[in-house]
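A.B. asks: Read off the chains here:
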Amino acid sequence: AQSVAQPEDQVNVAEGNPLTVKCTYSVSGNPYLFWYVQYPNRGLQFLLKYITGDNLVKGSYGFEAEFNKSQTSFHLKKPSALVSDSALYFCAVRDIPRIRTGGSYIPTFGRGTSLIVHP
Amino acid sequence: DTGVSQNPRHKITKRGQNVTFRCDPISEHNRLYWYRQTLGQGPEFLTYFQNEAQLEKSRLLSDRFSAERPKGSFSTLEIQRTEQGDSAMYLCASSDAQYFGPGTRLTVL
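First to last, the protein sequences are chains A and B.
Under my numbering, the first residue of the first sequence is numbered 1, with each subsequent residue one higher.
Under my numbering, the first residue of the second sequence is numbered 1001, with each subsequent residue one higher.
Treat the hints with care, as some may be off.
[Unchecked claim] Straight-line Cα separation of at most 20 Å, SDA-like style, residue types lysine to any residue; simulated pairs:
#1 A:Lys22 <-> B:Gln1041
#2 B:Lys1057 <-> A:Lys22
#3 A:Lys58 <-> B:Thr1107
#4 A:Lys22 <-> A:Asp9
#5 B:Lys1011 <-> B:Thr1107
#6 A:Lys49 <-> B:Asp1096
#7 A:Lys49 <-> B:Gln1098
#8 B:Lys1057 <-> A:Tyr50
#9 B:Lys1057 <-> A:Tyr105
#10 A:Lys22 <-> A:Glu64
#11 B:Lys1011 <-> A:Pro40
#12 A:Lys77 <-> A:Ile51
#13 B:Lys1011 <-> B:Asp1086
#14 A:Lys49 <-> B:Lys1057
#15 B:Lys1011 <-> A:Arg42
#16 A:Lys58 <-> A:Lys69
#17 B:Lys1071 <-> B:Asn1030
#18 A:Lys49 <-> B:Ile1026
#19 B:Lys1057 <-> B:Asp1096
#20 B:Lys1071 <-> B:Asp1086
#21 A:Lys49 <-> B:Arg1031
#22 A:Lys49 <-> A:Gly29
#23 B:Lys1057 <-> A:Ile96
None of these hints come from the bench; they were simulated from the model.
Just so it is clear, the structure is predicted and the values come from calculations on it, not from any experiment.
Whenever a hint applies, use it, and build me the whole structure from the sequences.
C.D. replies: Laid out in structure tokens, this is it:
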């Protein structure tokens, strides 16, 4: 079974300061990890993903995320927050399907973290 | 517009009525997903298609829910005999759930 935890319901940060939104995951095999942003009454917008390779993944709008296999984490980061970054952020995970170990093409989402950037 | 589209964007219905939602994925994507999202929660998986084949269904998908994807193109999600608990945002996504549509917000009175 696969699961995602976003331990913080809300993160508050001042504009211009660095931000981190935390995500930890559990999968039986190798993970395929995603971050999305959701603005009010809108669908989810893809920010970035990790499949393999460099542990630091760069995405849209200046966001990046660091894959840490030993800590099973995939925290979202941005060096300098903007007020317009205020939104709901979701982390998602799925197994990379393998013939011997199975896995699924279906991502599991966390509950979301509300990011509030203060002017 | 080459993104994922969903119609209608909003649906208000009375309890007991049937509703149908449509999703048009990005044309070259063969995987299509339906998720449901309620306030304060992340998207919950409902069902998944690869081309026209419905490969997985969540236990959340009661027998009142049915989804189709004829010819592997657009998909429809039908809810029969709607209940107030069905009120939610219904999201469609294509590829590896990387591309989401804007959602259909269902309100059951």
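A.B. asks: Hints first: check each against the structure and report whether it holds.
C.D. replies: How the hints compare with the structure:
1. Simply put, lysine 22 of chain A and glutamine 1041 of chain B have alpha-carbon atoms about 16 Å apart, close enough for the 20 Å limit, and the pair holds.
2. A threshold of 20 Å between alpha carbons decides the hint, and for lysine 1057 of chain B with lysine 22 of chain A the separation of about 29 Å lies outside it, so the pair is violated.
3. Distance hint between lysine 58 of chain A and threonine 1107 of chain B is unfulfilled; the C-alpha atoms sit about 38 Å from each other, more than 20 Å.
4. For the hint pairing lysine 22 of chain A with aspartate 9 of chain A, the CA-to-CA distance comes to about 10 Å; that is within 20 Å, so the pair holds.
5. Between lysine 1011 of chain B and threonine 1107 of chain B, the direct Cα distance comes to roughly 6 Å. Compliance with the 20 Å bound is thereby established for this hinted pair.
6. The hinted pair formed by lysine 49 of chain A and aspartate 1096 of chain B meets the criterion: a straight-line CA distance of about 10 Å does not exceed 20 Å.
7. This hinted pair checks out: lysine 49 of chain A and glutamine 1098 of chain B have alpha carbons roughly 9 Å apart, not beyond 20 Å.
8. Of the supplied pair hints, the one linking lysine 1057 of chain B and tyrosine 50 of chain A is violated, its CA atoms being roughly 26 Å apart against a limit of 20 Å.
9. Proposed proximity of lysine 1057 of chain B and tyrosine 105 of chain A is supported: the alpha carbons are some 12 Å apart, at most 20 Å.
10. A threshold of 20 Å between alpha carbons decides the hint, and for lysine 22 of chain A with glutamate 64 of chain A the separation of about 12 Å falls inside it, so the pair holds.
11. Restraint check for lysine 1011 of chain B and proline 40 of chain A: the C-alpha separation of about 17 Å stays at or below 20 Å, so the hint holds.
12. Straight-line distance between C-alpha atoms of lysine 77 of chain A and isoleucine 51 of chain A comes to about 18 Å, which keeps the hinted pair within the 20 Å bound.
13. Taken as a hint, the lysine 1011 of chain B and aspartate 1086 of chain B pair is honoured in the structure, with Cα atoms around 12 Å apart against an allowance of 20 Å.
14. The hinted pair formed by lysine 49 of chain A and lysine 1057 of chain B fails the criterion: a straight-line CA distance of about 25 Å is larger than 20 Å.
15. In summary, the hint linking lysine 1011 of chain B to arginine 42 of chain A is supported, as the alpha carbons are separated by about 15 Å, within the 20 Å threshold.
16. Proximity of lysine 58 of chain A to lysine 69 of chain A is assessed by CA-CA distance (about 17 Å); at most 20 Å being required, the pair is judged to hold.
17. About 11 Å separates the Cα atoms of lysine 1071 of chain B and asparagine 1030 of chain B, which keeps this hinted pair within 20 Å; it holds.
18. Using a Cα cut-off of 20 Å, the hinted pair lysine 49 of chain A and isoleucine 1026 of chain B holds, with the two alpha carbons roughly 19 Å apart.
19. Note on lysine 1057 of chain B and aspartate 1096 of chain B: the hinted pairing holds, with a Cα-Cα distance of about 16 Å set against a maximum of 20 Å.
20. Distance restraint check for lysine 1071 of chain B and aspartate 1086 of chain B: the Cα-Cα separation of roughly 28 Å exceeds the 20 Å cut-off, and the hinted pair is therefore not satisfied.
21. Taking the CA atoms of lysine 49 of chain A and arginine 1031 of chain B, the gap is about 17 Å. The hint holds against a cut of 20 Å.
22. Of the supplied pair hints, the one linking lysine 49 of chain A and glycine 29 of chain A holds, its CA atoms being roughly 17 Å apart against a limit of 20 Å.
23. A hinted pair counts as satisfied when its Cα atoms are at most 20 Å apart, and lysine 1057 of chain B with isoleucine 96 of chain A qualifies at roughly 19 Å.
Comparing the model with each earlier hint shows violations of hints 2, 3, 8, 14 and 20; every other hint is respected.
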